[in-house]
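There are 2 protein chains.
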Amino acid sequence: MARIVMKFGGTSMAGTERIRRVAAIVKRQQDAGHEVAVVVSAMAGETDRLVNFCREANPLYDPAEYDVVVAAGEQVTSGLLALTLQALGCRARSWLGWQMPLGTDDAHAKARIGALDAPDMLAAMADGEIAVIPGFQGVSEWGRITTLGRGGSDTSAVAVAAAIKADRCDIYTDVDGVYTTDPRIVAKARKLRYVTYEEMLELASVGSKVLQTRSVSLAMKEGVRVQVLSSFIDDDAPPADSLPGTMIVSDEELAQIQSARLQSARLESEGPDMERQLITGIAADKNEAKVILIRVPDRPGAVASIFGPLAEANINVDMIIQNVGRDKGETDVTFTVPAADLPRAQALLESAQATIGFQRLVTDGKVAKISVVGVGMRSHAGVAATMFQALADRQINIQAISTSEIKVSVLIDEDETELAVRVLHTAYELDAI
Amino acid sequence: MARIVMKFGGTSMAGTERIRRVAAIVKRQQDAGHEVAVVVSAMAGETDRLVNFCREANPLYDPAEYDVVVAAGEQVTSGLLALTLQALGCRARSWLGWQMPLGTDDAHAKARIGALDAPDMLAAMADGEIAVIPGFQGVSEWGRITTLGRGGSDTSAVAVAAAIKADRCDIYTDVDGVYTTDPRIVAKARKLRYVTYEEMLELASVGSKVLQTRSVSLAMKEGVRVQVLSSFIDDDAPPADSLPGTMIVSDEELAQIQSARLQSARLESEGPDMERQLITGIAADKNEAKVILIRVPDRPGAVASIFGPLAEANINVDMIIQNVGRDKGETDVTFTVPAADLPRAQALLESAQATIGFQRLVTDGKVAKISVVGVGMRSHAGVAATMFQALADRQINIQAISTSEIKVSVLIDEDETELAVRVLHTAYELDAI
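Line by line, the protein sequences are chains A and B. Just so we're aligned, residue 48 is where the first sequence starts under the numbering used here, counting upward by one. Just so we're aligned, residue 48 is where the second sequence starts under the numbering used here, counting upward by one.
Keep in mind the hints are simulated off the structure, nothing from the lab. Heads up, the beta-carbon is just placed ideally off N, CA and C, and yes, glycines get one too. Treat the hints with caution; some may be incorrect.
Unchecked claim - Label pairs and their in silico Cβ distance ranges:
(1) B/Asp95 - A/Arg138: 24 to 32 angstroms
(2) B/Asp95 - A/Glu452: 51 to 59 angstroms
(3) A/Pro230 - B/Gln393: 55 to 63 angstroms
(4) B/Ala173 - A/Asp95: 36 to 44 angstroms
(5) B/Gln393 - A/Gly161: 37 to 45 angstroms
(6) B/Leu395 - A/Lys256: 54 to 62 angstroms
(7) B/Thr63 - A/Asp221: 49 to 57 angstroms
(8) B/Asp95 - A/Glu476: 39 to 47 angstroms
(9) B/Gly348 - A/Arg138: 54 to 62 angstroms
(10) B/Val409 - A/Arg138: 43 to 51 angstroms
(11) A/Ala49 - B/Val364: 32 to 40 angstroms
(12) A/Glu188 - B/Gln393: 50 to 58 angstroms
Excised from the complex, chain A in its bound form:
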């Protein structure tokens, strides 16, 4: 018997029929003898509806009252799932953020989870009652409703799993796992059985929308085993334990699994594709915009005068290149910012033109960032070289490069996104046979 946290997103909770499917999936886990807590999102579209009401009421809204309004969406679905589980003959009850209680700080609308001490809920679970928990919400020490920020239900699920020492946190989504790349771009993309937390972080932050970044960070920090699964499976599917979702694990656990599988591969004559891939996945992100500052004085402090104000304004700068200028003592500086922040960044830089001393500012929103991710590259050289060569072979021009320990990203023309992803998927031998 295990203790399991299951999480269902807004698409899975959108309406009576879908909630009934969710209840059936949950019941299967309980029937298998597990203790179950379920974390739910609001119905798809509901949070947007509530957020819009807040904006209409008061464009400069008080985040404490915003939280009162938007937390209602998950309150509704938690009650409805409890009712639906009861209709299937299960014992179930909802535990709202303030009832468990799930303590947070009082940074309303983007609260951070603090303590979760839920002895009553755990006792009820041990007694065979399914706990249904509205995601995204908590309670401040002042007894006011808080929310964790958009997508916070994944984070709620991981936090609950950590606090109640769950054996596993199953995140049910509208995809059935994490793929080597977006299957809509590359038909030969393959589902990954395992990824590490760090790989998932890189994949999540570069546009693979399976899991919210914060939830992966928290899972890594707390050592929660997270599994990504599809909630759109038919009712006769086997229990989730044997479902081929994607499990997110630590480096160490992955190493153990791999050595065990190599062992079994030898014994059962399995092919060499059991071996660890150098690259785990390829992500594409079109939500970046490029900024070029032309003819910046090449002197100490110049770069600081550019990026200091952007950092203060909470604008994330990602890739930075300093080109050699045409004239001595001058240089061109290129970098990327999230496309949504481009107007603010441009306004900030233009107002600081005299201080920075650049001659001209050029922007380009038609760019895409392509990233190859994999813990394997730690021990292998040549990953970046393979990438540059593969792109060059197809005449795809690289506008900027950034790297981390387990990631290489390049900026290219947005029109070439799909081509680049397919080319790289093949180059790293990720294509399904």
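Given the structure of chain A, go ahead and fit chain B onto it with the hints provided.
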């Protein structure tokens, strides 16, 4: 300076624009120097939407989870009104049922209000902050959300007004007061400046939908001065203190007001219409159904065998007549039940036919109950006689009669409802000149 509770219904809260009107009305009270608490309903239609979700999830729903779901509607509007008040420059915050807390018993979906001890809220109000309270919801001693049953927001408002010793509880609705009868039926209906609690109870329970019966009972018990006002007034209207709504007061207060007004009438040469009317209002209710049991054995216990099971099934029986039967030892029994309960009542009675011993059951849903109400009839004979004569003059047949100390009701053919109300409105000299 007074302490005022204001209550706004679902029609007044239906959407951003209407909430803005409500906020303006509330702000006017605060600007006049009053301490203000506002009780709000869910947006019109929202509670029905949530109730339907519960029914779809589980037809035999657990009322505790039903409460979690439906309480979300008022949670949303309380946050939105707080935000809207803030946009007008007021300080405001929402106080949910569990935050005040507003204690109730644990009869979920129809909870009764117990204790309200809200020192923090009162301190905030005294400090100039407007308290926004979601109506209809409370919290049980087990820390679970409860709701008061449909229409419970009026009751919340009165309970809050009683608990915080408010000087007045203003109920804003989509009508501008209590009328002598439905103005859609009788164009010459007149708005009442004052009605007593008991009159209002009779008017509320016989179909005048201005206030929920429970809220009037509670106001009478707690001595809360309730005023019914329209929320659809223009922004330049004078503050509510001087608005011509209807004030609901005790017999004693009414007597004082009347003697004061007669005094002033003499001084200011006002007309005799200042004197107390014999009849305060006329109500019509088409939601009754008539049941006739034909040839019931005329023996001790026969009536108990009919009405015992109905009472156990929580079906309210209103008017009862026992006709003389055609044969000795037998009688016909006629009574009314709410139309919504007719199928259940019929099934119950048919299954008990052998026990009761009646020969045949006849039902009629096409009936209406017409009631004349007024505390004046306590001291005046002839009220019923006037009613019967007026109806007889127009050939309107009376099928059943029931009376209380301040009410006479008759059952007539539903088609004659409007005619009967008009005839009686004239007969009791209620028509506006």
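Task: Violated hints - listed by number, lowest first - done: 5, 7, 8, 9, 11
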